[in-house]
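J.: As given, the protein sequences belong to chains V and B, one line each in that order.
Numbering follows the numbering used here, in which position 285 of the first sequence is assigned residue number 285; successive positions increment by one, without gaps.
Numbering follows the numbering used here, in which position 378 of the second sequence is assigned residue number 378; successive positions increment by one, without gaps.
Bear in mind the hints are in silico, worked out from the structure with no lab data behind them.
Among the clues, some could well be false.
Each pair may be met inside one copy or between any two copies, as identical chains are not told apart.
[To be verified] Calculated pairs, BS3-like style, for lysine-lysine (alpha carbon to alpha carbon, straight line, at most 30 Å):
hint: 1; residue 1: LYS371; residue 2: LYS216
hint: 2; residue 1: LYS239; residue 2: LYS47
hint: 3; residue 1: LYS41; residue 2: LYS3
hint: 4; residue 1: LYS4; residue 2: LYS323
2 protein chains.
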Amino acid sequence: MLKKNRLFTPGPTPLLPAAQTAMAAANVHHRTADFKAVFQKTLAGLKTFIGTNNDVILLASSGTGAMESSVANLTKPGDKVLVLTAGKFGERWRDLTKAYGCQVEMLSEPYGQTFTMEAIGEKLGTNGNGIRAVYVQATESSTGVRHDVETIARRVRETHLQGGDALLVVDAITGLGTTRFDVDGWGIDVIIGGSQKALMVPPGLAYLAVSERAWKRMEEPHSPAYYFDLRKERKAAAKGESAYTPAIALIAGLCAALDFIAQAGGGDLAAGRDLLIHNAAVAAAMTRAAAQALGLSLYGTSPGDALTAVAVPHNLNSGAIVKEFRQHFDAVVADGQGDMKGQLFRIAHLGYFDYLDTIGIIGALEHIIAKLARPANFQFGMALQAAQEVYARCGDPKAAGV
Amino acid sequence: MLKKNRLFTPGPTPLLPAAQTAMAAANVHHRTADFKAVFQKTLAGLKTFIGTNNDVILLASSGTGAMESSVANLTKPGDKVLVLTAGKFGERWRDLTKAYGCQVEMLSEPYGQTFTMEAIGEKLGTNGNGIRAVYVQATESSTGVRHDVETIARRVRETHLQGGDALLVVDAITGLGTTRFDVDGWGIDVIIGGSQKALMVPPGLAYLAVSERAWKRMEEPHSPAYYFDLRKERKAAAKGESAYTPAIALIAGLCAALDFIAQAGGGDLAAGRDLLIHNAAVAAAMTRAAAQALGLSLYGTSPGDALTAVAVPHNLNSGAIVKEFRQHFDAVVADGQGDMKGQLFRIAHLGYFDYLDTIGIIGALEHIIAKLARPANFQFGMALQAAQEVYARCGDPKAAGV
Numbered sequence: 001m002l003k004k005n006r007l008f009t010p011g012p013t014p015l016l017p018a019a020q021t022a023m024a025a026a027n028v029h030h031r032t033a034d035f036k037a038v039f040q041k042t043l044a045g046l047k048t049f050i051g052t053n054n055d056v057i058l059l060a061s062s063g064t065g066a067m068e069s070s071v072a073n074l075t076k077p078g079d080k081v082l083v084l085t086a087g088k089f090g091e092r093w094r095d096l097t098k099a100y101g102c103q104v105e106m107l108s109e110p111y112g113q114t115f116t117m118e119a120i121g122e123k124l125g126t127n128g129n130g131i132r133a134v135y136v137q138a139t140e141s142s143t144g145v146r147h148d149v150e151t152i153a154r155r156v157r158e159t160h161l162q163g164g165d166a167l168l169v170v171d172a173i174t175g176l177g178t179t180r181f182d183v184d185g186w187g188i189d190v191i192i193g194g195s196q197k198a199l200m201v202p203p204g205l206a207y208l209a210v211s212e213r214a215w216k217r218m219e220e221p222h223s224p225a226y227y228f229d230l231r232k233e234r235k236a237a238a239k240g241e242s243a244y245t246p247a248i249a250l251i252a253g254l255c256a257a258l259d260f261i262a263q264a265g266g267g268d269l270a271a272g273r274d275l276l277i278h279n280a281a282v283a284a285a286m287t288r289a290a291a292q293a294l295g296l297s298l299y300g301t302s303p304g305d306a307l308t309a310v311a312v313p314h315n316l317n318s319g320a321i322v323k324e325f326r327q328h329f330d331a332v333v334a335d336g337q338g339d340m341k342g343q344l345f346r347i348a349h350l351g352y353f354d355y356l357d358t359i360g361i362i363g364a365l366e367h368i369i370a371k372l373a374r375p376a377n378f379q380f381g382m383a384l385q386a387a388q389e390v391y392a393r394c395g396d397p398k399a400a401g402v
Numbered sequence: 001m002l003k004k005n006r007l008f009t010p011g012p013t014p015l016l017p018a019a020q021t022a023m024a025a026a027n028v029h030h031r032t033a034d035f036k037a038v039f040q041k042t043l044a045g046l047k048t049f050i051g052t053n054n055d056v057i058l059l060a061s062s063g064t065g066a067m068e069s070s071v072a073n074l075t076k077p078g079d080k081v082l083v084l085t086a087g088k089f090g091e092r093w094r095d096l097t098k099a100y101g102c103q104v105e106m107l108s109e110p111y112g113q114t115f116t117m118e119a120i121g122e123k124l125g126t127n128g129n130g131i132r133a134v135y136v137q138a139t140e141s142s143t144g145v146r147h148d149v150e151t152i153a154r155r156v157r158e159t160h161l162q163g164g165d166a167l168l169v170v171d172a173i174t175g176l177g178t179t180r181f182d183v184d185g186w187g188i189d190v191i192i193g194g195s196q197k198a199l200m201v202p203p204g205l206a207y208l209a210v211s212e213r214a215w216k217r218m219e220e221p222h223s224p225a226y227y228f229d230l231r232k233e234r235k236a237a238a239k240g241e242s243a244y245t246p247a248i249a250l251i252a253g254l255c256a257a258l259d260f261i262a263q264a265g266g267g268d269l270a271a272g273r274d275l276l277i278h279n280a281a282v283a284a285a286m287t288r289a290a291a292q293a294l295g296l297s298l299y300g301t302s303p304g305d306a307l308t309a310v311a312v313p314h315n316l317n318s319g320a321i322v323k324e325f326r327q328h329f330d331a332v333v334a335d336g337q338g339d340m341k342g343q344l345f346r347i348a349h350l351g352y353f354d355y356l357d358t359i360g361i362i363g364a365l366e367h368i369i370a371k372l373a374r375p376a377n378f379q380f381g382m383a384l385q386a387a388q389e390v391y392a393r394c395g396d397p398k399a400a401g402v
């Protein structure tokens, strides 16, 4: 049959057509009232999407740029920081903080695991043990695991009562739009997102919401940050501009995507964001039921809904499954990353996926498992049936209010 | 869940992204060498796509315009013509030939049926009975039925041996790209196609391949044809132009679509067209197995692969099913047309559909049938399983050579 190229990767995710059109049409100069209006609307939209009253900064960079900005602007060499890692992106926090000369305290868990609050408590002690910033992922994209940011934030806040001053910096690049956050209520000082995830536009934009405590920290001496100077961007944003040339077309696309999300929420962007979270949850539940019906194991202890990580049987390399998806269905799914390459594959749910996409990729998975790992009790339809039953229970569009 | 708007209608069909991009980029004047090159390439491509050595004419009109041109240019008032009808588009031939004052001989069969060769033989006799043109559909889009053009053509040719001079005019608007034709070998004098069908571009272009016998007929006095003057278009085409302003963007899109089909055929447009025919056949077989697994009846005696027409149980109106597809999945399927409105629904297979589209719409159908007509033995997965088994047997992309 014909094959349409489709992304089922946890970023980039499938592009929203309205965003594609807006990008193609974005033939404007960035120092004009035309663009200022789009830029300001986008910043305001991001605030609602994140669910914060903190100022939002939009950077022309990948998510890693925003991660770097939250190290460079908030620490100086020798500062003690705590990095929580249980996957490839946790390791990125480690590498970044080390590159900036921080004294890095590590809490490492194996891939697929999350952190116990006891272990975090030991690291922080009652007064933070001099830790000036805690770096963590909301959802670790390499394993699909969701970390308990709410509890971590509470634990960090407790140290403040005893004189601690640790900031909490959360990489929510695959977390935003798939996970509920109360950013201000929980006290997340920096939360980071990227354009190519739940927001359905291409890579190239990162965004951060920064608390007053974090802005205040930046007044202290810190590592050099020029392109990623957040205070400079904040000043420019107050005038409706960016400090350096913005990624005009991507911002126009992002603005259109936020419009789409608002429209899905009946004109309410926060409601639309919640629907997006619900959407990922239904797609995840369908995919998980399907994988389990095929006798496959889900990977990780507390999976988030950004993606489903499926462990492959020991006699199989996940690379073969990824290749079959591409070769026979032109569907791009992700292999494991870092230590888990070859051992799991990942199907994304964040962003612009609907029922037909989800049931379609499950049907393809059935054919691939039939070919590569045919379990003893295999029959066609077994995974699809499980997914159909999940959708019948929780996918009703009316229930979801779409 | 989110819903992506998807066409499953037998025209317009889903747009090919490469054609969309080409249309958006087509900012050229039509009397330039730039456009001439595109126009000539498109005409040559259409010749291969149709599979003919006859000259091809491209009109800025819907398919009905090309149908009208094959009446206006080939008949004069009082000419005896034979119209074969078993559906809404057969009735269009009747209306057109009557509008042009022909003496219309009708062979009508009920919707969903096709013609017996005996009945056609009676109409034509041994020498054509003075019939100057025979008008028929290759596939009747309103019912999904495929008429046996090869045998009809043979029957018409036989009358020529006894002094008959009937031309055979075939509306293959949903037939081209879903059905095999040997246009020149069978002796089809006019075969008509449209852009919004297997060719994956929006409506607005119709094309015809015209035999030398038909060109010769046009030298006789015939009804007025100004915009649809085929000889004038033929003359212009010989210079790489169209007589009137062409639909530039649509032609650029069509050119890109023909490139895509050639690419699918490994650089061979005819092979790509055959793959497209195979593609529709696999999608049709999956859909039919699924519908039957749900206890639904297929409509029509000799269904083609352009679409599947599914009869609904007597206590159900097909409009309700069409509405559910749209409301809950944003999938646009077609109701019955003409006499069959409310009694069947139609899912298209012609053009840009792949495995994921097909299994997706079948999954949606399961949910709709579960809700509206839940048969006694219903269980989720029953339709999907049937479709999966069909795909496993005949949908292997390697077997199809894609």
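J.: So which of those numbered hints doesn't the model satisfy?
T.: 1
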